[in-house]
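Novice: Following the hints, position chain R against chain F.
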Amino acid sequence: MAEEVKLIRTWSSPFALRIVWALKLKGIEFETVLEDLASKSPLLLQSNPVHKKVPVLVHNGKPVSESLVILEYIEETWKEKPLLPEDPYEKASSRFWAKFSDEKLLPSVWTVFISQGNKQEEALVPALENLQFIEEQLEGKKFFGGEKIGLLDLAIGWMADMVSVLEEVTGLKLIQEDKFPLLSAWIEIFADVPEIKESGAPREKLISKFQAIRDAYAATK
Amino acid sequence: MSDHVVLLDSYPSMFGMRVRIALAEKGIEYEYKEEDLSNKSPLLLKMNPVHKKIPVLIHNGRPVCESLVEVQYIDEVWKDKSPLLPSQPYQRAQARFWADYVDKKIYDAVRNIWTTKGEEQETAKKELIDYLKVLEGELGDKPYFGGESFGFVDIALLPFSTWFYAYESLCNFSIEAKCPILIAWVNRCKEKETVSKSLADPHKVYEYLLGIKKKFGI
Numbered sequence: 001m002a003e004e005v006k007l008i009r010t011w012s013s014p015f016a017l018r019i020v021w022a023l024k025l026k027g028i029e030f031e032t033v034l035e036d037l038a039s040k041s042p043l044l045l046q047s048n049p050v051h052k053k054v055p056v057l058v059h060n061g062k063p064v065s066e067s068l069v070i071l072e073y074i075e076e077t078w079k080e081k082p083l084l085p086e087d088p089y090e091k092a093s094s095r096f097w098a099k100f101s102d103e104k105l106l107p108s109v110w111t112v113f114i115s116q117g118n119k120q121e122e123a124l125v126p127a128l129e130n131l132q133f134i135e136e137q138l139e140g141k142k143f144f145g146g147e148k149i150g151l152l153d154l155a156i157g158w159m160a161d162m163v164s165v166l167e168e169v170t171g172l173k174l175i176q177e178d179k180f181p182l183l184s185a186w187i188e189i190f191a192d193v194p195e196i197k198e199s200g201a202p203r204e205k206l207i208s209k210f211q212a213i214r215d216a217y218a219a220t221k
Numbered sequence: 001m002s003d004h005v006v007l008l009d010s011y012p013s014m015f016g017m018r019v020r021i022a023l024a025e026k027g028i029e030y031e032y033k034e035e036d037l038s039n040k041s042p043l044l045l046k047m048n049p050v051h052k053k054i055p056v057l058i059h060n061g062r063p064v065c066e067s068l069v070e071v072q073y074i075d076e077v078w079k080d081k082s083p084l085l086p087s088q089p090y091q092r093a094q095a096r097f098w099a100d101y102v103d104k105k106i107y108d109a110v111r112n113i114w115t116t117k118g119e120e121q122e123t124a125k126k127e128l129i130d131y132l133k134v135l136e137g138e139l140g141d142k143p144y145f146g147g148e149s150f151g152f153v154d155i156a157l158l159p160f161s162t163w164f165y166a167y168e169s170l171c172n173f174s175i176e177a178k179c180p181i182l183i184a185w186v187n188r189c190k191e192k193e194t195v196s197k198s199l200a201d202p203h204k205v206y207e208y209l210l211g212i213k214k215k216f217g218i
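Sequence lines, in order, name chains F and R.
Using my numbering, you'd call the opening residue of the first sequence number 1 and step up by one each time.
Using my numbering, you'd call the opening residue of the second sequence number 1 and step up by one each time.
The following block holds chain F by itself, in its conformation from the complex (with noise of 0.2 Å):
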């Protein structure tokens, strides 16, 4: 039977950019449909009626949403080139640490980022910590998923394009290479391998979008 695989995302969210990195490495063959979230399409909202976020991956007609879910459904579909390790234990590892990039990591290098002055000064507590954390995470290691890449580089990948260009818009180096020189090392060749390099959102498009984000936030205060 055909596949049919239809990713739909933005051209910028890092969440669904983890879906196109799986699929390429995977070397299964998808369709983009583009989403303007200020206008969000029928297929979209048919798709993901409970969150109505992208990314949704749709396979075969049947839609799978959250970019967590998505991975490990990408990875038990299609088998070939494994993304997570047989290892219960190294598995369980791998889902708490991209958890861990989820719902702490971003959140906190994003509050760097937006903030200004002292708040600045504040939130660069925590993301130092849990830059920490990471960076203890990659000791011994090539990638994340060890020799090759699994899908614990894929969910902090975001780190490899996004920080750059949020150091770009803000001025201020968070990832310094006396610091963290495995992660320093860890975006360098992440970054470069074929799958991701072909796939990241144009840079200047990307900081034209963050240094508006920054602008709207900072007219807030």
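Just so you know, not all the hints are guaranteed correct.
So the derived label-pair ranges between C-beta atoms look like this [unchecked claim]:
| id | chain 1 | residue 1 | chain 2 | residue 2 | range |
| --- | --- | --- | --- | --- | --- |
| 1 | F | SER184 | R | SER38 | 35 to 41 Å |
| 2 | F | PRO107 | R | LYS133 | 25 to 31 Å |
| 3 | R | THR115 | F | ASP215 | 32 to 38 Å |
| 4 | R | THR115 | F | GLU103 | 16 to 22 Å |
Don't read these hints as lab results, they were simulated from the structure.
Note that beta-carbon positions come from the ideal geometry of N, C-alpha and C, so glycine has one too.
Specialist: Then chain R, alone, in the frame of chain F:
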């Protein structure tokens, strides 16, 4: 090799109850350690340095943290009995989606109920009922969220029901009146011994909540 399993937990914790249910479903023998959350043990701080929270499952000395990660781990290690997740990828994705919904929506909604007053509290009550109704819709006329068998989403949501009596008493409303199908599902699940022995007593939960409110002046 015999397994050594320890659970660091706190009696009224909804998250701890999830793991207790999973362990009971699989018939796993384990050592239960009650944590005093106002005075966390060195063991807890060592086993969960990132979040310093319970529950923590320690299997042959190695810790697993975050309740839904622990439930999946239990399902994958003790895979020969009582599967907690469905076998097909699409059904598994649906189960993970709805368990994630419980985590994202229900916990904050209930927390807002007992930590606020007046209009804010009314909003929180309404939000909780709205989210519970979405879950009721998903349950439909199935006996359990997974269909004929008790599973992952049931485990994710059930423990919150032990706190309903506390919220209803504090805030003067009835969840059963608004969500009868859900309460029927709770009662159906409680007929299973693995569930009834793992859930906290709602009256004890209410006393615990009153204690917390008093202690922190909420």
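Novice: Would you mind marking each hint as holding or not holding in the structure?
Specialist: Hints, verified against the model:
1. For F:SER184 and R:SER38, the Cβ-Cβ distance of about 40 Å falls inside the hinted range of 35 to 41 Å, so the restraint holds.
2. Our hint of 25 to 31 Å for F:PRO107 and R:LYS133 holds, since their Cβ atoms are close to 28 Å apart.
3. Between R:THR115 and F:ASP215 the Cβ separation comes to about 34 Å, which falls inside the hinted range of 32 to 38 Å.
4. The given range of 16 to 22 Å is respected by R:THR115 and F:GLU103, whose C-beta atoms sit roughly 20 Å from each other.
The structure shown violates none of the earlier numbered hints.
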